[in-house]
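Undergrad: Sequence:
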Amino acid sequence: MKLSIIGAAALLPVSQALSLTSYGGGRPYQIIHEAERRANALQEFVTWDEHSLFIRGERAMMFSGEVHPFRLPVPSLYLDVFEKIKAMGFNLVSFYVDWALLEGKQGEFRADGIFDLEPFFDAAKKAGVYLLARPGPYINAEVSGGGFPGHLQRLQGVLRSSAPDFLNATDNYMAKICRIIAEQQITNGGPVVLFQPENEYSSGYKIPFPNGPYMQYVINQARTAGISVPMINNDVGPSGNYAPGKGVGSVDIYGHDSYPLGFDCGNPTVWPPNNLPTYFHDRHVRQSPFTPCSIVEFQGGAFDPWGGWGFEKCSALVNHEFARVLYKNNFAAGVSIFSIYMIYGGTNWGNIGHPGGYTSYDYGAAIRENRVIDREKYSEIKLEAQFMKVSPGYITASVGPASTSQYSDNAGITITPLTGNKTGNFFIARQADYTATGTVSYTLKLPTSNGTLTIPQRGGALSLHGRDSKIHLTDYPVGDYTLLYTTAEVFTWKKNAGKTVLILYGGPDELHEFAINTNSPAAAKVMRFQGSSISSHAESLFTIVQWQTGPKRQFVELGDLAIHLLDRNSAYNYWVPVLPGPNSSQFGTSLMNPQAVIINGGYLVRSASISGETLSLRADFNVSTPLEVISAPSGVTKLSVNGKSVKYTTTPSGTWLAKPDIILPALSIPDLSKLSWYKIGSLPEIHPSYDDSKWPAASDRATNKPEAHHNISNATISADMTPVSLRGSDYGFYTGTLLFRGRFTASGKERDFKVWTSGGTGYASSVWLNDRFLGSFKGNDATENANSTYELPNLGAGKTYTLTVVVDSMGLNENFNPGFDDMKVPRGIFDYALSAPDGSPTDITGWKITGNLGGQDYADRFRGPLNEGGFFFERQGYHYPAPPVDTSFSGGSPYDGVARAGIIYYTAKLPLSLPADRYDVPLSFVFANATHEQHGDYRAILYVNGFQFGKYVSNIGPQTEFPVPEGILNYNGDNWIGLAVWSLDDTGAKVPGFALKAGTPVQSSRSRVTFVNGPSFSERQGAY
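Numbering (mature numbering (1 follows the signal peptide of the UniProt record, and there is no 0)), first residue to last: -17 to -1, 1 to 1007.
Mixed in with the good hints there might be a few duds.
Calculated lysine to any residue pairs in the SDA-like style (CA-CA distance at most 20 Å, straight line) [claimed, not checked]: (1) 973 - 883; (2) 892 - 870; (3) 732 - 773; (4) 737 - 829; (5) 311 - 34; (6) 428 - 389; (7) 630 - 654; (8) 892 - 1001; (9) 109 - 630; (10) 657 - 636; (11) 642 - 623; (12) 311 - 268.
Rather than coming from a laboratory, the hints here were simulated on the basis of the structure.
It should be emphasised that the depicted structure is a prediction, and the values quoted were computed from it without experimental measurement.
Can you build the whole structure from these sequences, using the hints too?
TA: Below you can see the structure in the form of structure tokens.
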């Protein structure tokens, strides 16, 4: 392997790398294309060619999903998520790192406690899953600022550009996070095999684009810190930006993203016509023919905004049918690095989300926010990933042109061929109109080693249901046998104990047929079968079997080949846990078709291992059910499930059938309304005697004004609207609620107060004059900033008044479009005026501002820089466990309601006693739907043991249920929950219902969960 020019350029400073742009007689330099595997000359553990990656020399299809560790602040649960992903058949997980959580104050990098990535890396290794690291510096990810920390709002230079102040601001973070990742590369025994610089850097507004020097700067930051694995990018679409050979800033492996259905969760059955991307292969061949076809983000769900439809609708939009049609369409393009965004979404706890989304980041993903795996999409993707794992011939197969006539008699069906070299041929069929919902019949005309055959050969017709896709195979190797063809799909196959087991499945009530090539007439004979719909016909060296799918398993045995015939719903219940490889590695004996066991039954089978004569399984159960070992390895005669010996019987088909001891608990969940609740007013700022002398004075006049760039896409803001800046970021307040106090001496003529506030989509604001409520902007699902006018009472001339303005910040805007600097749109007050009929102005002076205590010197180092806002109870730390309820609070419940506009904080001790040592019990806090007429409009913030885990907005929605994981909740001990209720109406508000809800318990073999024991209440120094 030779040192490529791009590999050398990646090690140079930008100034030197630029000198390489004319390498080779004035032409842009190109990566050297060898016929053999390529590497970047920094390591040889991960190499690649035009077909795929090689991991430690083994060619591999990388099947991946996206997981964000920062959206699950319980490190001991990482392994649970990884094991559920590994059980699907995946071998890779992609992850972002959120800069804003690690460098809340510029120059102060902290990656400890719940932000330490080492437990995430350890869990990946323990589960046997490789990692694609994506630390940004920009990540988008529907997080506040797109991952940019708030202090970047003060920069003069354009973000995501070559502006020196921006580049300098990234240096500390990138040096330290990349060093952490570098230590976890495969070269050091870790799980990281790929690295992505930047994120979807695919356009530019009034900045150079493509911006090779900037991309190269990011690459150099990573390389300097020790990153040696291949660089892969994620172009927002297949446009070829920064593909190998395109000059400075080029990556090693070109990749792109795709979200073909969009995000209209309100219409989940509507698939837009012409949105099926059938051009991926052609684009790949033109743009990056010497690297694997790579989709770094492909739609696995959808985000949902404030006022949206809820993630169940998003799950229905991107459902199991989507996975069948769209993912198999990607396979028809020959993709061999394939990552689904998201596979597990998690939670936007502690203000980490952007204004376009709410607390949940469930995303409608295959694994729910509460880690439950009951969505059909999970099982469908498992069928596809497990098939790819036993089909290495797919990786090097040649993609042919799609046809509606060459391979089928029905022009309504499109079939794309992928032709292997004696390693199997793959014919991916779908309806020509991918949106169609009806069923069509067809026969196949497939080339095989026995000539072109019309299939089914034994008569009848195949059927393809609407929004379905199938992978038909010819000349497909199965151990010592070859499938001459199969219309049914392969789930998996294994050769164990001298016997080969093949699992075939089809949709409901479908006719299917397969033919097996054998090496002798005796081996071609059907020895035994089970199933009334099976018919067979033996030729000299192959046997044809035809059957009708149904809910009952059917079975065919030819020689030492056992074929299990299933319908799809039955196949969902099968698992293929990988046996450990050398040194008990959970990565297995290989990446493609490793030694494994086939299991039928159970909610989840996490792992399998062998010790002596015992096969040990770790499995989860949510109902009482048998467990069947379909293919047991040689030499084992005993079975253990979750550490207990289990007896089994051997069935006529040779499988082991066991009945594990499954006992599901009767749970006792506390009634929250019966807890001892306490309350404290959280708006002392409106009281006449309130002392704001400790508040920061709003005196900044030299702020960076984002309007100076003239690039902000959603508002025009004059630099001199207010005498002093009333923008949170100018004072180090980047998260949560902001409060402002300003004083004026009245002339007696003032009639109204006008104020222009900004908090991001879904925000609200309220205004008081002294202790008199003037009104609220209640927010909606579209408004990011708003002008509000409030009528004043008659004011006494010469009297001094105080205005208090509360602005709820919903997070900082993302910065998706480089050049617009949307992330710099401030939170706070843009403009204000006291108006008199004669137009005479009244000055407001002595402005004070506060947000979270300490601002960028945030008080809660354990829960991070974004968890708290500026409400009084937050500044005091009363949301921590064990607040001083006996001395600072009074009795009062959120169920009683608030009599007037304002903010009240309620807290209660919540004892739990749940059998978490044996069961995984998902818990959620649920708000009853509130109506304006009956309950008033209000916002509520949920705190659990000091962690903000919910923001409920009654007049916008949609979220009413807030999952909180074990580890944040102590399942065996005392918890402190808090609920801040902000009434937006002068008539007050009432929480009509607030309950703790348990999901279905699962008898689980997961590792024990460690309680994230954060600091309890103590008086905060300097709190006001």
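Undergrad: Are the hints correct? Go through all of them and say.
TA: Here's how the hints hold up against the structure:
1. 973 - 883: holds (10 Å)
2. 892 - 870: Holds. Residue 892 to residue 870 sits at ~16 Å (cutoff 20 Å).
3. 732 - 773: It holds: about 15 Å lies between the C-alpha atoms, which stays within 20 Å.
4. 737 - 829: Holds, at about 18 Å.
5. 311 - 34: holds (17 Å)
6. 428 - 389: holds (7 Å)
7. 630 - 654: violated (42 Å)
8. 892 - 1001: It holds: about 17 Å lies between the C-alpha atoms, which stays within 20 Å.
9. 109 - 630: With Cα atoms ~29 Å apart, residue 109 and residue 630 exceed 20 Å; violated.
10. 657 - 636: violated (56 Å)
11. 642 - 623: holds (11 Å)
12. 311 - 268: Since the Cα atoms of residue 311 and residue 268 sit roughly 19 Å apart, the hinted pair holds (cutoff 20 Å).
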